[in-house]
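In my numbering, the protein residues as written are -14 to 124.
These aren't lab readings, by the way, just hints derived from the structure by calculation.
Here the structure is a predicted model, which means the values were calculated and not measured.
There could be a bad hint or two in this list.
Ranges of calculated distance between the beta carbons of each label pair, as one might list FRET restraints [stated by the list, open to error]:
#1 Lys14 x Leu(-10): 24 to 30 Å
#2 Asn90 x Gly69: 39 to 45 Å
#3 Tyr93 x Asp59: 34 to 40 Å
#4 Met104 x Gly33: 34 to 40 Å
#5 Lys17 x Thr54: 27 to 33 Å
#6 Gly33 x Gln88: 16 to 22 Å
#7 Asp26 x Arg66: 15 to 21 Å
#8 Lys17 x Gly53: 39 to 45 Å
#9 Arg77 x Glu37: 18 to 24 Å
#10 Glu19 x Lys112: 23 to 29 Å
#11 Ser96 x Ala(-11): 16 to 22 Å
#12 Asp25 x Gln88: 23 to 29 Å
Don't be surprised by glycine CBs; every beta carbon is placed ideally from N, CA and C.
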Amino acid sequence: IRSALVAVVGWGTPGFSTAALRSGSTLMKFLKGEVVGKVDDWFELPAGSAEEGMGNVLRLVCLPGLPGTEKLRDQVIELLRSVGVDGAFTTRAMLEHLLRRAQENRDYRGSLPFQFLRMLKVYEVVKDPQLELFEERRR
């Protein structure tokens, strides 16, 4: 990916819950109300902004989660594509990637998020490569 704009949809967004990931109708209602209607606003570039000079960019959405069933996941992806979103990833995938990149022996004073992730690793709250903080819960 050469350049992209990323919109993050948080867990705190009204109407979203873990139960919504299991219910197709609830999830689609949430996406249509809280995501689809806002996509153009999220990716609108102010005139004269640095991002405006990036040329063609991918429009990516970071979602709290994706449905567990393939059929519902495909419906979500198709809905996002229909409104011009080029790709989607989960908050979990983003955090796992960033944790893998954060190095325990590096000083990240210029980046508070990376400094925080580094500290999680230094104090063994999370460990590479298993990243125990994100282990799946067994039912």
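Evaluation of the provided hints:
1. At about 25 Å, the beta-carbon gap between Lys14 and Leu(-10) stays in the expected band of 24 to 30 Å.
2. At roughly 42 Å, the beta-carbon separation of Asn90 and Gly69 lies within the given 39 to 45 Å, and the hint holds.
3. Between Tyr93 and Asp59 the CB atoms are about 38 Å apart, so this pair conforms to the stated range of 34 to 40 Å.
4. Here the CB-CB span from Met104 to Gly33 is close to 37 Å, well matched to the stated 34 to 40 Å.
5. At roughly 19 Å, the beta-carbon separation of Lys17 and Thr54 lies outside the given 27 to 33 Å, and the hint is violated.
6. Separation of Gly33 from Gln88 is about 36 Å and departs from the stated range, judged on CB atoms against 16 to 22 Å.
7. In this structure the supplied range 15 to 21 Å holds for Asp26 paired with Arg66, their Cβ-Cβ distance being about 18 Å.
8. The hint said 39 to 45 Å for the Cβ distance between Lys17 and Gly53, and at roughly 20 Å that hint is violated.
9. Between Arg77 and Glu37 the Cβ separation comes to about 31 Å, which falls outside the hinted range of 18 to 24 Å.
10. The hinted range of 23 to 29 Å is not satisfied by Glu19 and Lys112, whose Cβ atoms lie roughly 35 Å apart.
11. Roughly 19 Å separates the CB atoms of Ser96 and Ala(-11), a value that falls within the hinted 16 to 22 Å.
12. With their beta carbons about 38 Å apart, Asp25 and Gln88 fall outside the hinted range of 23 to 29 Å.
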